[in-house]
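Make a model of the complete structure from these sequences and hints.
Residue numbers (my numbering), protein chains in the order written: chain A, 1 to 238; chain B, 1001 to 1918.
Simulated from the structure, these hints should not be mistaken for lab results. In this text the structure is predicted, and so the values were computed from the model without any measurement. What you were told as hints is all true, and nothing was included just to trick you.
Below, computed lysine-lysine pairings styled on DSSO-like, alpha-carbon distance capped at 27 Å:
hint	chain 1	residue 1	chain 2	residue 2
1	B	Lys1908	A	Lys79
2	B	Lys1113	B	Lys1567
3	B	Lys1908	A	Lys71
4	B	Lys1172	B	Lys1562
5	A	Lys13	A	Lys79
6	B	Lys1747	B	Lys1548
7	B	Lys1907	A	Lys82
8	A	Lys137	B	Lys1479
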Amino acid sequence: MVSQLKAYKVFKKYGKAETEVVALDYVDVEISQGQFTAIMGPSGSGKSTLMHTLAGLDSINSGEIFLNNIKISNLSQKKLTKIRRDNIGFIFQQFNLVPTLNARENITLPLDIAHKKVDFEWFDKIVNIFGIKDRLKHRPSELSGGQQQRVACARALVTRPAIIFADEPTGNLDSKSSGEVLNFLKQSVDEFGQTLVLVTHNPRAASYADRVLVLADGKIIHDLAKPSYDQVLQVFKE
Amino acid sequence: MFRLAFKNAKSHLGRFLLSIIAVALGTSFIIATFCFQTAINSTIDSAYASSLNADLFVRGVPETQSSISVSQLSGITQNRQQIDVSLAEKIKELPDVQIAYPNINKSIVAVSKDEKPIYSLGTIMLRGIPENFLQFSGWTLESGELPQADNEIILEKQTAIQGNLSVGDTTKIVDDKDILDVRIAGILKAPLLAPGELLVGMNQSQAEKRYISDGKVSQIAVWGKFAGEKTAASIDNLRDEIKNILPNDSHAEVISGDQMRQELSQNVKDNIGFVNTFIIIFAIIALFVGCFIIANTFSMIVHESLREYAMLRAIGASSKQVFSTVIFQALVIGVFGSAIGTLLGTALIQIIPLILKNFGTDINISVLPNIWQILIVFAVGITISLISAIFPARKAGKTPPVQAMSEAALPKPIGIVRIIVGAYFLISSLSSIILIMNFDYFTNTLGLHSLENYKSFLASGAASGTLLAVLLLSPLFIKPVIWVLSSPLVFFSRVSGKLAKGNILRNFKSSANTSSALLIGVALVVCCSVLASSVQTSVSSIITNNIKSDFIILSQNLRMPKSVIDKVKQDNSLASVNPLYISQLKINSEATPIISVEDTFFKNNLDLETFSYVGDPNEALEKGELIVPKYLAASQNFALGQYITINGVDKDKVEKDKKTIEQNVKKSVLEWAQKNLKQPDDSIIEQIKNDETKKVMPDLPVVEKQFRIGCIADIMVMPGIIINHKDFDAITMSEQQVLFRIFVNLKAGENSEIVKNELQNKVKDYYTISVLDKNGLNSILGSTVNIVLNLIYGLLALSILIALLGIVNTLTLSVVQRTREIGLLKAIGLSNSGLTLMLGLESFLIAIFGTVLGVVLGINGAVATQTALKDSGLSDLTISYNNIAVFVGFVVVFSVIACLLPARRAKKLPILEAIAAD
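Spelled out as structure tokens, the structure:
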């Protein structure tokens, strides 16, 4: 399999001297194309930091990160903005949508920002998968939490990014809505070969993934391929 | 709970600071306005502090109805009788008096080294300087010596500097009699001088000889000898002493120097009362703009914190506690904001002396607010903060917690009261406008003649009513207007345009309020500009249409020496030379301007076709009848054919009395010579003359003369009752006749440029006299209007500046409110320039909304005013679109600059923290 994202010896610490906390302790990781990777771990394990550094949202102290063989670990903010715009999709836990724009406008926002044309065939396919076709004219305040997250997923997909990072996308949803959102995400990986990195502390969510990385104290302690829910739960109990 | 309020403020320091800035901006404009007023008043006060620094003054009592004197002409202060010069001698004999001398104060023109008139805010004053002036006056001699000989003068230092003159130089001064060649004997330094005040001194006895006629003066200055310190009580004592020796028939009174100075400065202040009115209007505008900014910021902040207050309520805080938390914060904001505003406003006003410096006036006045003004500003700042906070605070306290939590995201609808009041203003002002536009129909056809009196009231009501209505209703129509305005922006910049539009409409109320602050300033600027250009075109159309003469000769001082007429008449290429004299004479005991012209004046100089009049002006002049201006006839109820009485001087009797006096003087001089066995010297002859005059002609003899009103006319260029010169001369002394204009016509075939140059050469020596053709007249009027306009623009620019700072404030606040959203936009790839563009467009849309409405309302106000004043001379309406385009461009450019600060803040937001922010 082709690697989409490679990270070597990524080291990241916060604070100085006595208050120093090592968030990432020389982590090596490769994310393959078309794979659904979940990053798990308890609070403070460094999973969010790992995602943020991989996505170019946060700087690192040492190490190298390559996205599509482009080194992004020492790029300027301006170039990073462009890389994020063209190659990376984001789904956050909450506040994913711009309140003044309706659902359709929110979905096409990254394309508009990049002055790219909307591929309507693709757009229709995505909104169909996420079941939000009849909600396109609505403002975020008129959508339910699950619908809002589905719109956010559609927005992440619409640019056909090299990779999508989802940070606890179901953290604020009830189990039914979370199930729906995760199913849709899995479907997009399976059907369109989308690369997806999901950060979660929920074993149920992680069990949708093709591969689960478990972090603790800034290190990857497990790398599981297609684990079942019980396997994930088992690892988590340790 | 106060600890909570404190913590609350501390945790939202940014918001807290922004509301303090809002209060500071609002109050700073008020303090700046106050300081401006202080500056004007202190300028006037100090103007008299040193130039009239005698301990006491003796002056004439107010004129009775029948008496009359030359002094009436001097204008502002004196409707008082003249007093005898000899009183000075009598007062000097008192043991406690150091010196007493007739106070001579004449406005003149002085010429600088490079042969130009020395420029001053007012006119330059010439004063008599007694021999021992330096011993009592407190003035010091800088160089040279006091003037002794004929044609020697001394300059106050400031005048010398401005005229670039030094001791020994020769120059010219021009008084109302003639041009004098003078030598500068010395330079004096006054202890304290008002800004722009210029003084020239002449030897006292020379000055008396030149300027005192008939042994009468208007004032005598007195300096006392005081045993101990000079106190108010000791001056009062001296006053009583002098009072006791004044003869009963002297018509004189004694007042302290302080009282005199106070009266004079009060007089000036009364005369420039319109300035105070202006300042009050600006203060109200300041309050208005300030209120908008403060109230707006507050409602945004409280609204933002609603969820937090809801949480407090949920964990058990009473609504009263929540209410007082908000109010307490408002109080703190009010106090700090007012303090900063006071400092800011004081700093802003320091610009004014710099502006005046550009007009050639060096002002070294420190304009600082006094304690009362500061207290008022604090009261206003705190009150507005509290009032602005009360409604949101009540809401924060009263709303059930859960509702508050969910409501926080939704904009509040516009209050129904606001809509009703706004609609009321809109309907009533629109109907006033309809009424004014069809005024003739309503007054004449429907017979509502009483409306005439309310026309200007209706006009101002309509203008300010529409303004209020738009201010109240602007949140209602900001949506459609922004929709239209932003559509091209959305087309050109999809993302930033769409986001900007959305952000403005989301907070449409606060957007509307922010632009309202700008709207007020722009409306006033546009209104002033349109009115000013209308005044200019109206006046210039009068000049072009109504005046036939080729040239008009006039002076910057409004009065010219009579010798000018002869100089002009020497030119033989002129077909006619018609001088105009003006004098104030009493009609029905009211001083009224009377203009005297020659019989041929109308025929030569005015196109009578273009005026409205009843009766025949030419016939009236020939028959010795009066031509009364329409406005005067209306206010005094004068009718055509009516006889009115003018109080004048009985010149026949004056001539007779003068002969008698001459004979008596001859006799008395002989008697004196026989008695003293020598010839009397000049001063004794002068004394005898004065005594004899007093005996024979103690006052100018008055005559009441009846004149028929032969014509009532509306002639804008002639501001008074017109009379023919023969009749005028019969009832006025030569000193009373002020030559103020000369109308000149060319012979057929003469080249007007050549003749104009010749005439200009002839009057060159008078320095302030100009020969103007119609273009010249127009441009003089234009520059006068422009000076006034510049001052108004200066103050209004302040209000616009503050409104723009209001935009900065609102935008910064909205960046703070939208932290998460901005983080998100950055995360999905919106570049910094895209972000700046978004905020720039928001700023632009708010500004353009306010500016467009401001322009519309400003023009509306100007049209209403012009319609109301149409009959009073504002005949044309000129909207100078160029000027308006410049204002709009100015506001737009600055609005874009206004976004830079909030944009910097937005750019610096770290993405991760922004998204995680609450």
